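**Student:** Going line by line, the protein sequences match chains A and B. If you use the numbering used here, the first sequence corresponds to residues 1194 to 1555, in order. If you use the numbering used here, the second sequence corresponds to residues 1194 to 1555, in order.
Calculated from the structure, these hints are not laboratory results. There may be inaccurate statements among the hints.
[Said to hold, decoys possible] Using C-beta positions, here's what the derived DEER-type ranges look like:
hint	chain 1	residue 1	chain 2	residue 2	range
1	B	1252	A	1298	49 to 55 angstroms
2	B	1259	A	1466	42 to 48 angstroms
3	B	1445	A	1298	53 to 59 angstroms
[Said to hold, decoys possible] Under the rule of at most 20 angstroms between Cα atoms (straight-line distance), these lysine-lysine pairs were calculated in the PhoX-like manner:
hint	chain 1	residue 1	chain 2	residue 2
4	B	1371	A	1297
5	A	1445	B	1445
6	B	1297	A	1371
7	A	1428	B	1428
8	B	1371	A	1256
9	B	1256	B	1227
10	A	1256	A	1297
11	B	1256	A	1371
Small disclaimer: the values here were computed from a predicted structure and weren't measured. Quick reminder that beta carbons are idealized off the backbone N, C-alpha and C, glycines included.
Number of protein chains: 2
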Amino acid sequence: MGGDRAPEIVVHGMAIAAERHPSARFLLVGDEAKLAPLLKQHKRAANACTVLHTPDAIAGDLKPTAALRMRRASMRIAIDTVAAGNAAGVVSAGNTGALMALAKIVIKTMPGIDRPAMAAIAPSVRGDVVMLDLGANVACDTRNLVEFAVMGDVFARTVLGLTAPSIGLLNVGSEELKGDDRIRAAAEVLRETHIGPQFHGFVEGHDITAGTTDVVVTDGFTGNVALKTLEGTAKLVLQLLRQAFTASTQAKLGYLLARGELDRLREVVDPRRYNGAVLLGLNGVVVKSHGGTDAQGFAHAVDVGMDMVVHRFNERIREGLGRIPAQPKRQNGQSAPGGVAGMGAKNGSAGGDDGERLAAAR
Amino acid sequence: MGGDRAPEIVVHGMAIAAERHPSARFLLVGDEAKLAPLLKQHKRAANACTVLHTPDAIAGDLKPTAALRMRRASMRIAIDTVAAGNAAGVVSAGNTGALMALAKIVIKTMPGIDRPAMAAIAPSVRGDVVMLDLGANVACDTRNLVEFAVMGDVFARTVLGLTAPSIGLLNVGSEELKGDDRIRAAAEVLRETHIGPQFHGFVEGHDITAGTTDVVVTDGFTGNVALKTLEGTAKLVLQLLRQAFTASTQAKLGYLLARGELDRLREVVDPRRYNGAVLLGLNGVVVKSHGGTDAQGFAHAVDVGMDMVVHRFNERIREGLGRIPAQPKRQNGQSAPGGVAGMGAKNGSAGGDDGERLAAAR
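The following block holds chain A by itself, in its conformation from the complex (with noise of 0.2 angstroms):
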């Protein structure tokens, strides 16, 4: 039920979704007086999913602390199943914050991890590059830097099938001396654990892309501001190229003969081929849609759920973290390095009873 067209756009994504994924289930979660009708009209939708009613929804201006108590909602309840081990991911296009907060507290954290990151995909000269935080952590400590890389290198290699990415730590500059004393320590750090190979060292703005590095790791505030400035000025540009191509007649022109290259051009910095930005470091697959995306950008979100349930990312993930070295600076005992496998099971007997299911919290 959320995203600025909820519920229409998300069964019409799901429909998309689902010929893409053929053997996949979802659970559709929400009102069922608003759903029924739009199922009818997608068929497709309404044979992959199974309807779970709550006439509760999150608005998309409700605080975190707030959304919290909402139990009945179409958020929760979808955050619940996967919880419970009856969908191995939950893709939504609500609210931001509530999300994160209901994951964190109903889904966890995996063992090990501090704070989950937000994750997503950045158009380069080069390709796509991982960005990460974007978001979910305002403020960063060392230890958290190192796991967004950590993170950021399995993302890259699930999602982008890459087999060792290129790591680079968003700074003001690439000399060693600069930023603060966090992202320095972060940068020692690094190069010690077994992901050092791969770090490139620090990058700077204008090198997300430039492709400098497969993945760029940054703290949320920095990483959120980064990514809207980024789609920002990819929209600057296209529309002053559409202002050029109407000035005149013979621009008109230029952009008919031209137009196959340019469709293409647009193709490549399109908002919607980036949507789906991953929590990451959850003991479950979660991916937050833009509000704002259309039918299309939903389902490429629930293509990028599927990348991750289907490539057992989560698994990669806690590799990964059992081979950083002992964490500096512990403020508090949380780390239970006896639990990882207890999760595993956990985590691999949901992958297993519900195949490939996602449930779609509109």
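Given chain A, put chain B in place with the hints provided.
**Tutor:** Just chain B now, kept in the frame of chain A:
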């Protein structure tokens, strides 16, 4: 002597600047043996400039602490001329860290200013936007952000010619509860200042190029990453555009037809048009040119410096700062309001004595 192709592009840039500012006189600080042959080629620059000879120059990768010890370096001598009142401002394409450190220690910050900020202009759908800080301060507190907003207001009035520029505080969401304490506190303080009516509230990364506000205020880390991401993304889209227009004969023909309009587009996002970041909050005008710019870009940086001198930018900043409420949490007692008059007199005499003279430290 600083920048990728110094001193060639500086002398060439001064020829362009001399033509644009016929009443200005410039001090050109550097190695006379290298400057003399270049000045022969650029008669206009030769007529407008007086050479201050020094063989020493600060390398691009020298640490600021080491740069501070080079008392005969061209950048140092240029900055000394401003501190001594023999020039109204300085323009440099050299080492940014060295320029910031020297400016802060030799020219000094205004009374009441904790730290100088770096500001520049970025493109948006609705016209030019002022962004600050862009890297002078990696970490900022509430008071710094408020000071940046006050300085950004004056900068937008002076350089963009706006009467009541709108001001946004960069955050990860536009809702009041977003971001960290520091940013939320800065928003609260700003509402109470004389620029309160112009304060729009929080803006996000995409708001920069959307032109949601005329001024975007942020800490130096985020601002640096955001501006470089913006530049990188514009570059990516223009590169894709070039590829599109050379992909087929038909597309090439299309380009030829739309060329005039496309050139105008390129101009809007041309980084040279935005060259010239300004260090605000000092007792003199300090402009940092990109090290990789060309003569046109360097001349633009001189334009920015001239604008600030002619429009008595620093006096207006002092007025604005005098109107902020007393500092909420004062760490140390640097502020000495009694010094304002003396500083004003000093700067006034620099202006009166030398007219529009700028020292170009290359």
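**Student:** Hints first: check each against the structure and report whether it holds.
**Tutor:** Checked hints:
no., hint, result
1, 1252/B with 1298/A: 49 to 55 angstroms, "holds (53 angstroms)"
2, 1259/B with 1466/A: 42 to 48 angstroms, "holds (47 angstroms)"
3, 1445/B with 1298/A: 53 to 59 angstroms, "holds (57 angstroms)"
4, 1371/B with 1297/A, "holds (18 angstroms)"
5, 1445/A with 1445/B, "holds (14 angstroms)"
6, 1297/B with 1371/A, "holds (18 angstroms)"
7, 1428/A with 1428/B, "holds (13 angstroms)"
8, 1371/B with 1256/A, "holds (10 angstroms)"
9, 1256/B with 1227/B, "violated (25 angstroms)"
10, 1256/A with 1297/A, "holds (15 angstroms)"
11, 1256/B with 1371/A, "holds (10 angstroms)"
When each numbered hint is compared with the structure, a violation occurs for hint 9 only.
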